[in-house]
Amino acid sequence: MFELFRNIDRRWIFLMMFLCVAVPIFVIGKYKTTFPEKPLVLATNVFNEIDNLPDGSRVLLAFDYDPGSEGELGPMATAFTRHCIEKHHKMYFIALWPLGRQMIDNAVNRIIKADFPELRYGEDYVNLGFKAGNEGVIKVIVTDLRKLYTTDSRGTATDEIPMMQGIENIQQMDLVINVSAGYPGTKEWVQYAVTPFPDRIRLVAGCTGVQAPLLYPYIPQQLPGLLAAIKGASEYESLVMAKYGGENISGKYLEAQRRMGPQLVAHLLMIFLIIAGNVIYFVERRRGVRQ
Amino acid sequence: MKPENRWWVILFAIGAVLLIARWFVMPDGFGRAYVKAVPQAVDAENPDGRWVIYEQAPMADYLDAERTNADQSVYGPSVSRTLGTWIAALLTLFVLSFVIRDNPLYKVAESIFIGVSAAYWMVTGFWDTIVPNLLGKLAPGLLRDWAVPGLGDDQHPELAYLVPLILGIMLLWRLSPVGGWISRWPMAFIIGTFCGLRLMSFLHADFLTQIRNTIVSLYVVDNGSFDAWQSLKNLILVVGVLCCLVYFFFSLEHKGLVGNTARVGIWFLMITFGAAFGYTVMGRIALLAIRIEFLMDDWLWLIDPTNKRLLAEAAGFFLPLFGMG
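In order, the protein sequences belong to chains A and B. For the first sequence, our numbering gives the first residue as 1, with consecutive numbering after it. For the second sequence, our numbering gives the first residue as 1, with consecutive numbering after it.
Some hints could be false.
Cβ-to-Cβ under 7 Å is the rule here; a few derived chain A residues that face chain B [said to hold, decoys possible]: (1) P98; (2) A132; (3) P162; (4) A242; (5) F282.
Don't read these hints as lab results, they were simulated from the structure. Note that the structure is predicted; figures quoted are calculated from it, not measured. Even glycine gets a Cβ: it sits at the ideal position worked out from N, Cα and C.
The task is simple: from the sequences and hints, build the whole structure.
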C-alpha cells in the first residue's frame with residue numbers, strides 16, 4: 001500500500017480530482033439542490049453596502065474580468081446585478097478589460113432583458129463599455145468621466161442618455177462595485193479612486209481566489225466589503241436570494257451555491273492528498289535514517 | 001502500435017461510444033443551441049425595426065412557442081451557435097487532455113487560443129484605443145461621418161493629441177531597419193509616466209494608508225465594556241506586521257530576540273502563503289467546475305440546473321437541427 005501511494009502516477013490524481021468535481025456537479029444538477037450557506041462578515045458587509053443605499057442610488061459596476069475567470073466571478077456579477085435591480089439602483093456598467101464588455105452584455109441579456117424587461121436602457125442602466133488605459137482610466141474618470149466616455153458602448157453620445165445627465169465624474173456615484181480578475185482590478189480601484197477620495201468614493205468588490213490575500217490589507221478602511229472567490233460569491237448570493245429570491249429561485253441565481261458542492265469534495269481530496277504526502281515523506285525519512 | 005497510442009485510441013473509442021449511447025438515450029439529441037429573433041428599432045419612424053438580431057434563448061422557450069403556434073418564426077434552432085457549442089466542448093476536451101500528456105490536440109487548442117487572442121487584441125486596440133482616443137480627438141467630424149455617428153456635435157479637434165500621435169509613430173519606428181533608437185524616446189516617456197503614476201499611488205494607498213490602518217487600539221472598549229475578541233484581533237495584526245518587518249530587516253543578525261521575532265514572522269508569512277494556496281486551489285476548482293458544468297449541461301444535456309430544457313424532457317419533442325440564426 002505504501003509503495004502504491006509512493007509511486008502513484010500523477011494522472012490517477014488528476015482522474016480523482018475530475019471525479020470529485022464531476023460527480024457532485026452531476027448530482028446537484030440532477031436534483032437541483034445546494035448546500036446551506038452561512039454568510040460571514042465580509043459578504044454581509046458587501047450586501048449591507050448595497051442594500052442600505054436609498055432606492056434609486058447611482059451605482060457604478062466595473063466588470064474587470066473575462067471568460068477565463070467566469071467560473072469564479074460570473075456568479076458574483078449576476079448577484080450584484082440582481083441586487084441592484086431589486087433596489088432600483090441606476091446601474092452604470094464599465095469595463096477595464098477588453099472582454100469585460102462581453103461580460104456586461106452577458107449580464108444584461110441573462111438578467112435584465114430576460115427577467116426584468118421593464119427596465120429601460122439609458123434610464124435604468126447604461127453600458128459605457130470598455131476603455132483602454134488600465135489604471136489611467138480610473139485616474140481620469142475620478143475627476144472627469146466625460147473626457148473618456150463621450151459615447152456609450154453603442155456609440156450613442158452620453159449627452160443624449162438620460163441617466164448620464166449631470167454626471168461629471170465617479171465621485172457622484174453612491175457606490176462603486178468592482179468584479180476583479182487581476183490587473184487592472186480592485187487594487188487599482190483602491191489606489192486611484194478610493195484612497196485619494198476616501199470620503200466620496202465607496203468601493204466593494206468581488207475577486208478571484210488568487211487576488212484575495214493581496215486585498216485583505218485594504219479591509220475595512222479602504223475596502224469595506226470583499227467577496228473572495230466562489231465562497232464569497234456563494235455567501236453573498238445566499239443573502240441576496242434569501243431577501244429577494246422569492247419562492248421559486250431560478251437556477252441561474254444559484255450558480256455559486258451550486259459550485260460549493262464540488263468545492264467541498266475536491267477540498268477533502270486535497271486535504272487527504274496533503275496528509276498522505278506528508279505521511280509518506282516522514283515514513284521515508286525515518287526509513288532513510290534507519291538505513 | 002505504441003502502448004501510449006493504443007491508450008489514446010481506446011480513450012477516443014470510449015468517447016465515441018458514450019456519445020452514440022447518449023444519442024439513443026435521448027433521441028431529441030444534445031448539444032443544440034436555440035435563438036430568439038429580436039427586431040431592432042432604428043428610430044421612432046421605424047419601431048418595428050429594419051434588422052433583426054438573434055439572441056440565445058432557452059430551448060424551453062422555443063418549445064413553448066412551438067406549442068402555442070407551430071408556424072412561429074421568433075424562436076428557432078441555430079446552426080452557428082450549435083456549431084459553437086460543439087467546438088467549445090471539443091476544445092475544452094482538447095485542453096483537458098494535457099493532463100494525460102502533451103499531445104497534438106492540446107497544441108491545436110493552444111494555437112487557436114493564441115491566434116484568436118492576438119486577433120481580438122488587435123481589433124480591440126484599433127476600435128477602442130486608436131479610433132476614440134486618437135482619431136476621435138484629432139478629427140471628430142471625420143469620425144462622426146465614418147464610424148461613430150452618435151459622437152456629439154460639440155466635439156472639436158484637440159491639437160494636443162498630435163503629441164501622442166507623433167510618439168506612437170516614433171514607437172513604431174522600431175520596426176524600421178534604420179533608426180530603431182528613435183523608439184527609445186517614447187519608451188522612456190511611457191516608463192517615466194508609469195513610474196510616476198505608480199509611485200504616488202503606492203506611497204499613498206499601500207504605504208502611508210497601511211501604516212495608518214495598522215495603528216489600532218490594543219484595548220478596545222465597546223459600549224463601555226472591554227471587547228476581548230476585537231482586542232485580540234488588533235493585537236495579532238500589530239504583532240504580525242512587526243514580526244514580518246523584523247524578518248525582512250537584515251541590518252541586524254537574526255540571533256537572540258531579533259531571531260526569535262523573525263521566526264514568528266516566518267510563521268505569519270507561512271500562514272499567509274497557506275491561505276493564498278488555499279484560495280488558489282479554490283479558484284482552480286471553480287474554473288474546472290464551470291467547464292464540467294458546461295460539458296454536462298450545454299453539450300451533453302445530462303443535467304439542467306437552470307431549467308433550459310424542462311419542457312423538452314416532459315414533451316419528448318422532435319427538434320429540427322437546422323433552421324434559423
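These are the hints, each one checked on the structure:
1. P98: This interface hint holds because 4 Å falls under the 7 Å limit.
2. A132: holds, 4 Å
3. P162: violated, 15 Å
4. A242: violated, 19 Å
5. F282: violated, 18 Å
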